[in-house]
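Peer 1: Below are the chains, spelled out letter by letter.
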Amino acid sequence: MVYLNTIQSSDIIVFFFAGLMTIILLFGFILYFLFTYRHKQRDFNLLQLQKDEIDTQKHLLENTLNDLKLTQTQLIHSEKMASLGELTAGIAHEIQNPLNFVNNFSDVNIELLNEMITALDNQNYSEIKIMLNDVLMNETKINDHGKRADGIIKSMLQHSRKSSGIKEPININTLADEYMRLAYHGFRAKDKSFNAKTETDFDDSVGPVNVVPQDIGRVILNLITNAFYAVSEKKKSTSESYEPIVSINTRKKIAPGGKPTVILSVRDNGNGIPKEAIDKIFQPFFTTKPSGQGTGLGLSLSYDIVKAHGGDLKVSTKEGEYAEFIITLPIQNG
Amino acid sequence: MKVLVVDDERDVQILFEQRFRKEIKNNDMQFAFAFSGEEALDYLNIHQHEAVLILSDINMPGMSGLELLDRIKNKFKTPPPKVMMITAYGDKENFETAMRLGADDFLTKPVEFTVLKEKLKAI
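Residue numbers (this note's numbering), protein chains in the order written: chain A, 1 to 334; chain B, 1001 to 1123.
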């Protein structure tokens, strides 16, 4: 009881204050929690917003990347189609010629066979034998020219088809020769005043080379059309005495490691490549042609194709004199 | 009649020899062949007054048929041989250039041999 009595007066104040302090503290805590919660909520909302924004950007970028990839494929395709367009006239001309021979020689054979029937009636056997030999020779010619047209159509289809990506052994000399003629007539059909001497020097010892034919065909075609373009540009700006020459040659060479390689070079005596352009010629979209005339993808694609074959594409040039593109390809790389 | 045929397609020789088999056999016509403009000029330099008629393809590598026509008409004046141009591209531009350079006739490929024979007989 004494104890109770003694705490009564002063301690009530203490209790009161302690209680008050507890309430204030509690309030403070509640306020603090409320405040931080709101703050965090705000931060969270902000983060959520940022995340959404990043997601949107990511999607946008992904879409842009897809668009770019699509555009790239389309550009590669249009470059291919542009080169096919350049070839169309050449192809038509190259097919028309053998077709004319086929028609003409078969006409002659009909004549000959009719004459042979008459000769047979007259029992003129020596005459028949001569005519038979002629028919036989003409048939061989019909066959040759039919195959020639067939080969041209096949190579055209091969050019327009999507690359199979499959390597097969091909005769690179035949391929180069075919594209040289197609490109020449294609160029002639576009510019009738154009004329150039074409020279080929093929090393027969090269043998079959294991490549993706469509791809290597495109590279060769691209280099040849570039060469024709170069000499035609020079012809426009120089005197009558200038004789445009485009030449292709192949050589078999044993690389330092002992591996057999084929070196194919396309050379023109045009204006060459200026110093300031030489480092850029293999870059995509770099072109010296007037706008709208070149995609700037030809050499860059060619470079990629040759590299993908484990080969190399180099250039040698002298301004005002010549440009020579040299492809090195391993012969057995399958 | 002596005809010089100029074409870069070598089989043109066999074709002409077969198409004009009877004429050659009867000695009505003789044919000579050149496979480029340059070869044609070489032939004409050696056999100056022999070829009466020259049939030339326009589209040939090296010297074109039109260039050859120009040289022939400028160089071989007495007597000037007749020159017939043959081309796969029968366009106006080629035709006009050939006529301006003095071509005597202009044929488009594929050559109709019956038409060609008629034309040759008329000369």
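Check each hint, because a few of them may be wrong.
Unchecked claim - Here chain A is said to cover these stretches of chain B; the calculated rule only asks that three of the stretch's residues, wherever they fall, bring their Cβ under 8 Å from a Cβ of chain A:
| id | segment |
| --- | --- |
| 1 | 1001-1015 |
| 2 | 1033-1047 |
| 3 | 1058-1071 |
What the hints assert, rightly or not - Here are the computed lysine-lysine pairs in the DSS-like style, where the Cα-Cα straight-line distance is at most 27 Å:
| id | chain 1 | residue 1 | chain 2 | residue 2 |
| --- | --- | --- | --- | --- |
| 4 | A | Lys129 | B | Lys1025 |
| 5 | A | Lys197 | B | Lys1092 |
| 6 | B | Lys1025 | A | Lys197 |
To be verified - Selected chain A positions facing chain B (in silico; Cβ < 8 Å):
| id | residue |
| --- | --- |
| 7 | Thr64 |
| 8 | Asn100 |
| 9 | Lys129 |
| 10 | Asn133 |
| 11 | Asn138 |
| 12 | Asp191 |
| 13 | Thr200 |
Worth flagging that the hints you see were computed from the coordinates, not collected in a lab. Values in this document were obtained by computation on a predicted structure and should not be read as measured data. Every residue gets a Cβ at the ideal spot worked out from N, C-alpha and C, and that includes glycine.
Peer 1: Any CB of chain B closer than 8 Å to the CB of threonine 64 of chain A?
Peer 2: Constraint on threonine 64 of chain A not satisfied, violated at 47 Å.
Peer 1: Hint check: is the beta carbon of asparagine 100 of chain A less than 8 Å from a beta carbon of chain B?
Peer 2: 4 Å, holds
Peer 1: Would you check the hint for lysine 197 of chain A and lysine 1092 of chain B, treating anything up to 27 Å between C-alpha atoms as holding?
Peer 2: Holds. Lysine 197 of chain A to lysine 1092 of chain B sits at ~25 Å (cutoff 27 Å).
Peer 1: Quick check on the hint: threonine 200 of chain A CB to chain B CB, less than 8 Å?
Peer 2: Since chain B brings no Cβ nearer than about 11 Å to threonine 200 of chain A, farther than 8 Å, the hint is violated.
Peer 1: Hey, does the asparagine 138 of chain A contact hint survive, CB to chain B under 8 Å?
Peer 2: Holds: closest Cβ of chain B sits about 7 Å from asparagine 138 of chain A, inside 8 Å.
Peer 1: Are the Cα positions of lysine 1025 of chain B and lysine 197 of chain A separated by 27 Å at most?
Peer 2: Roughly 37 Å separates the two Cα atoms, so the pair is violated.
Peer 1: Do the numbers back the hint for asparagine 133 of chain A, that is, is its least Cβ distance to chain B under 8 Å?
Peer 2: Violated, because the Cβ-Cβ distance from asparagine 133 of chain A to chain B comes to roughly 11 Å (cut-off 8 Å).
Peer 1: Given aspartate 191 of chain A was flagged as interface, is its beta-carbon under 8 Å from a beta-carbon of chain B?
Peer 2: 11 Å, violated
Peer 1: Please count how many residues of the segment 1001-1015 of chain B have a CB within 8 Å of a CB from chain A and say whether that reaches 3.
Peer 2: Satisfied; 4 residues make the cut.
Peer 1: How about the segment 1033-1047 of chain B: do at least three of its residues have a C-beta closer than 8 Å to a C-beta of chain A?
Peer 2: Our answer is that it is violated, as 0 residues pass the Cβ test (under 8 Å) against chain A, missing three.
Peer 1: For the hint on lysine 129 of chain A, just tell me whether its beta-carbon gets within less than 8 Å of chain B.
Peer 2: 15 Å, violated
Peer 1: Taking beta carbons only, do three or more residues of the segment 1058-1071 of chain B come closer than 8 Å to chain A?
Peer 2: holds (count 6)
Hints 2, 6, 7, 9, 10, 12, 13 from the earlier list are contradicted by this structure; the remaining hints agree with it.
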